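Since the structure of chain A is already known, use the hints to place chain B on it.
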Amino acid sequence: MEDRHQQLRQQWLAAIAAATDAESLAALETRLFGPKGEVVELVRSVTTLPKEQRPAFGKASNQLKGEIEQALQQAMQRQRGLALQRELAAGDFDPTEPGPSQPCGSLHPITIVQHELVDLFTSMGFTWADGPEVESEHFNFDALNIPGDHPARESQDTFWLDDRNLLRTHTSPVQVRTMLRCTKDGFEPPLKVIVPGRCFRAETVDKSHEHTFYQMEGLVVDRGVSTANLIHTMKTCLRVILGRSDLKVRLRPGFFPFVEPGFELDVNCPFCRGDDGDSRGCSVCKHSGWIEILPCGMVHPRVLREGGIDPEEYTAFAFGMGLQRVVMLRYGIDDIRLFMGGDLRFLRQFPEVSR
Amino acid sequence: MKLSLRWLQRHVDLSGIEPRQILADLTMSTAEIDGITRFGEGLECVVVGHVLRRDKHPGADRLSVCAVEFGDGVPVQIVCGAPNVATGQKVAVVRPGSTLPAVPASPATTARPATPIAATKIRGVESFGMICSEQELGLSADHDGILVLPPDAPAGARLVDVLPIQDHVFEIDNKSINHRPDLWGHRGFARELAAIYGRTLSPAPASVPLPAAGRQVQVHIDDHKGCPRYCGLVLDGVVAGKSPPELRYLLAAVGQRAINLPVDVTNFVMLDLGQPMHAFDLERIGARSVHVRFARGGERMTTLDGVERELAGSDLLICADDEPVALAGIMGGAGTMVGADTKALFLESANFHAATIRRSSMRLGLRSDASARFEKAQDPANAELAVHHFVRLLQRWCPSATVAGPLSDPAGNRVEPKTVALRRARLRGKLGVALDDARVAAILGALEFGVRVTAEGWEVVVPSFRATKDISGEDDLIEEVGRMFRYDNIPEVPLRSAVVPPARDEELFLVRRLLEVAAGDLATSEVYNYSFVPDAVLQAATGHATAAPYLRVQNPTAPDTTRIRRHVLPSLLASARGNLREFATIRLMEHGKGYHGEVRDQHGLPGEVRELGFVFATRQGPHPYPELREAIARLLRRVGCPVELARAWAGSDQPWVHPHRSVAIERGGVEVGYVAHLHPAVAAAMDLPTTTAIACIDVRALLRGGSVATKFEPLPVYPRLPVDVALLVDAATQVGAVAAFLQRIEPQLVRQVQLFEVYRGERLPPGKKSLNFTVTLGAHDRTLQDADEARYLGLVRERVAEIGGELRG
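Protein chains in written order, with numbering that gives the first Met the number 0: chain A, 0 to 354; chain B, 0 to 808.
Isolated chain A (complex conformation):
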């Protein structure tokens, strides 16, 4: 009897030692401990023995069973450890292998920048407003202190429509529209509004000129608003918009009929970082070291009056920003025609949402 157990022990331990992978170990487990497994059968076979042999046989069988069980578990654990090691050491993984392609959409780069500007200005309490692209002569010109024989009407190369209306030449008409809306039921200062939108000028399209362009108008009306406030607001915003901590601005005279005084706001050239010192600049800033980016000014009293606001009680500043300019500076785009070209090879280069 002892011999038999001894023989089985050796036989089973050898089988355990021979099983080196998960499948053969699992098969061995079934063979030994399954419903009709050899170990189970051995233990069960005690019933076939004479009563007096049973205790010894039972004890020996159970001992053997425990021993084999432990050996098998150890083997399985060792095998799992080895398998894990093999898996962790696998050299067949290719980090550059792509998965199935995911379709990707994109927003127009002007939309992206426009949304960012909206986020910035609304966070400072500005309202986002809009106005019609087909505009009346009154709002586009008369209400903005550009009377009938003013050369600005011609120099702006207006697209005139057959119904005596026009395609707005700037977003400024929305200044007066917004003031009128805010003064209809009594004016409660402050009025702070931005108007990004599409404008038109009858120009021949080339690499740097477009007849359809995007502007963002801004207007602040309150008691005691001054040029000093304009400078601060513009500086703060441009720093964020252009994402530059080295930003310098300069304010110089500029003429626009709807502001007095009027300014051109320049920023130091982001390409040559030039300033008005000895720098000879680069071709982007035409060797001046500065880039003209933002016409602005203190709103003309006549314009405030058109909007129903008393220019003695309130003052205001306004600014207009060419969005294409900002987008081109940001992405390094050198051909303005791409914006209206509808070419996906261009548009798909901007998969991001607004920052």
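Worth flagging that the hints you see were computed from the coordinates, not collected in a lab.
Warning: the hint list may mix true and false statements.
To be verified - Here are the simulated PhoX-like cross-link-like pairs (lysine-lysine), alpha carbons at most 20 Å apart as the crow flies: (1) B:174 <-> A:285; (2) B:174 <-> B:417; (3) B:1 <-> A:285; (4) B:1 <-> B:174; (5) B:241 <-> B:342; (6) A:50 <-> A:35.
Since this is a predicted model, take the numbers as computed values, not measurements.
Relative to the frame of chain A, chain B by itself:
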């Protein structure tokens, strides 16, 4: 416009100030400067030579062999081709080893590259240098012969030390001085510089005494609005020869071609004071009187550029009796111009109505230095001042010239000086900085404003040269003070205002969400198209339908692009066509406005729609319509505007929609758009695949439906039981009807009915289709069993006749 530094110095001493500094300071206080160039740059190598002897070249008739010395008495042999070279002359020579500098192109000079000079042999004769003409030196277009220098020019000296040549030239951005008539001459800029640097502006040109009697041309002004002032003067004893170098080189430096002395002096006065003048040959005017009148329709005249022009009633004319002799303020006539034989002048120095001149000049396509100035609204006082300036200058260079009689000035100067009050508080309030009174008075005084201190501030008298256009009110004076103080010196101050949440324009924010979700979830790319639609695109998109009324541009950039779009789809389809050449499958969207002229608001503006259009197209494979339909439904759920897609679209204004394969996007029964197949005829006309799906959302209609607040639904306590149901129905039966049937036969248990497949195939009887649904059952009080599924399928089988179908499998 070009400004010469040498010229500016005639009015204000700018010594010790670098030209680049002047550029910077003018930019910050006055006007935009495009750049600085140098006139006569590189001419330092040109020296004065003394021609000791001139011999004929032995081998060429037209050449001379000269012996030239340079102050050391040593003769140097130079071969010269000019006909006017002669013994004893002082000439300009470039010697071997030096380089004659390049000459840029300008109206006054002839462009030429830099030319190195070397010792050479010309027709066998050695030549050690080059005797130069003015053209070769870049001083004028004159190439009749070599430049002959004054006899007292010391041989060996540098040319640039002998003649007033070298100059710095500022290029002014004309757009930045459109509102400043006073800046269209050197004196205006000199005044600015005097104010900027605190230097003294030289006195204005003084009057010359004019005779009280004598020859005069009678002047009659028909229209005083068109011509507020006309000064005329007769001059005798004029010699219309070549102008002296000091005049010619100043003109050349600013790009003005020299013609003859009287004409050059009129140009000089214009570039000096901004007042255009015209000199007529008096003989050609004869005894006639001058009339300023508007042209009669159909009248014609030939301007001095030799072009015959047809005139309109809005063109103002200068006439000798009735014969037009000049287009007022624009250009003189060919018949009366000053020529070499002119002995007497009739000088015109007038003032014309700015808009009249501008319109004529634009209508005729004829822009001149004169029209550019008059259209800025010149100062009538300047007309008289310029006459005196002209007389003084002409007599200096042509001493024989005399004034023949008194000034004709029938209108006189009737402009009253303008006075504007400037309040200290307003100045401080608008600039945001307090300036002391003395500073303010000094700035205004330097700009030649009259200043009187009052209790509240200042009483300011506006000089006439600023009163015609840009200075009319208090805020205009604030600009004057601000720009001379320099805006850069204003310390920045943060805005201080009540903190209130900004009003929200929901429409704009809705569009933004739609775009962002569509770009993200729907993988759609945003396109911008022009608001104009080319005729060809419209024809292709609407050709089979009657044309809707389009607004039209009167001055289009291209003759076939006059219409303003009513909807975004046609141009978006054109974008799709281009992109399908590059990509097999595309998803495009465009947000934009369309205009409908048949609807008007209270201001007479056309009706406006704000649309979001979509095109999903693929060159091959299944039709993208089902994808687009689900994409739109998902998009609108995502932005809080769930919609119903059930009824066929009934719109008529958009003929590119397939008449039978479209679904209306509805909110509470109100149509807000459509999803559809592209009309096959449009697909063919636009060269697009029939596998093109389109959608359009009217954003304002969508917004009117309001947004729906999502409501929480408790999670089910008992598990749900999905049951697959396949129904064979007529091909015409709508999925919506079948889904409703599956719902209504057990409304208590059915939680969701979802179609997962439509099968149309050979294995089915003709005219039939199989709709395969997953119906999700769920009870609120128990776990459903197989028996519940069997009972539900039993109900379906029992009642399926209601929809004319049968249960499969």
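Open item on the list: To test your reading of the hints: which numbers does this structure violate?
Closed with: Violated: hints 2, 6.
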